Amino acid sequence: MCLGGESTPHTLARRIVFEPHSVSAIVSRMEKDGLIIKTKDLDKKHMVRIKLSEKAIDTFYQALEISNRVYKQMMASITREEKVELSKTLTKLRNHTLPLTHKHTKTLTPFKYI
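Each residue of the sequence shown is one higher than the one before, counting from 1 in the UniProt record's numbering.
Don't read these hints as lab results, they were simulated from the structure.
All values derive from a computational prediction rather than experimental measurement.
Among the hints, a few may not be true.
Claimed, not checked - In silico DSBU-like pairs for lysine-lysine, Cα to Cα no more than 35 Å straight-line:
| # | residue 1 | residue 2 |
| --- | --- | --- |
| 1 | K55 | K40 |
| 2 | K83 | K44 |
| 3 | K32 | K72 |
| 4 | K92 | K72 |
| 5 | K51 | K32 |
| 6 | K38 | K55 |
| 7 | K44 | K72 |
| 8 | K32 | K44 |
| 9 | K51 | K40 |
| 10 | K72 | K88 |
| 11 | K72 | K83 |
| 12 | K51 | K72 |
| 13 | K55 | K72 |
| 14 | K38 | K51 |
| 15 | K44 | K55 |
I would like the entire structure built from these sequences, with the hints used as guidance.
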């Protein structure tokens, strides 16, 4: 699901490597908080489609701005070589941990901190 696009809870779960029942609970809470709009799929009556609300999109951009500012401040304190090493270490930890916690994992891209 991209900003302004639609998805199903199941598709979203596969993309973010969560179990479908976990995503369903999160989506319900987000709908209650006004962050998600749920609609019934017109072709498949038992399915729902989800879409981010304007409130969610605004919140995303605010969080992104804060995150980028903090990231730049934090990464300014280490050298390029340390960034490369950090990237390798985080990728190694993630690749080792995901198979332990999720049955079906996909190939993930390396972190990019450099």
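Hints, verified against the model:
no.: 1; hint: K55 - K40; verdict: 21 Å, holds
no.: 2; hint: K83 - K44; verdict: 47 Å, violated
no.: 3; hint: K32 - K72; verdict: 34 Å, holds
no.: 4; hint: K92 - K72; verdict: 23 Å, holds
no.: 5; hint: K51 - K32; verdict: 13 Å, holds
no.: 6; hint: K38 - K55; verdict: 14 Å, holds
no.: 7; hint: K44 - K72; verdict: 45 Å, violated
no.: 8; hint: K32 - K44; verdict: 24 Å, holds
no.: 9; hint: K51 - K40; verdict: 11 Å, holds
no.: 10; hint: K72 - K88; verdict: 19 Å, holds
no.: 11; hint: K72 - K83; verdict: 12 Å, holds
no.: 12; hint: K51 - K72; verdict: 31 Å, holds
no.: 13; hint: K55 - K72; verdict: 26 Å, holds
no.: 14; hint: K38 - K51; verdict: 7 Å, holds
no.: 15; hint: K44 - K55; verdict: 28 Å, holds
Checked against the numbered hints listed earlier, the structure breaks hints 2 and 7; every other hint is satisfied.
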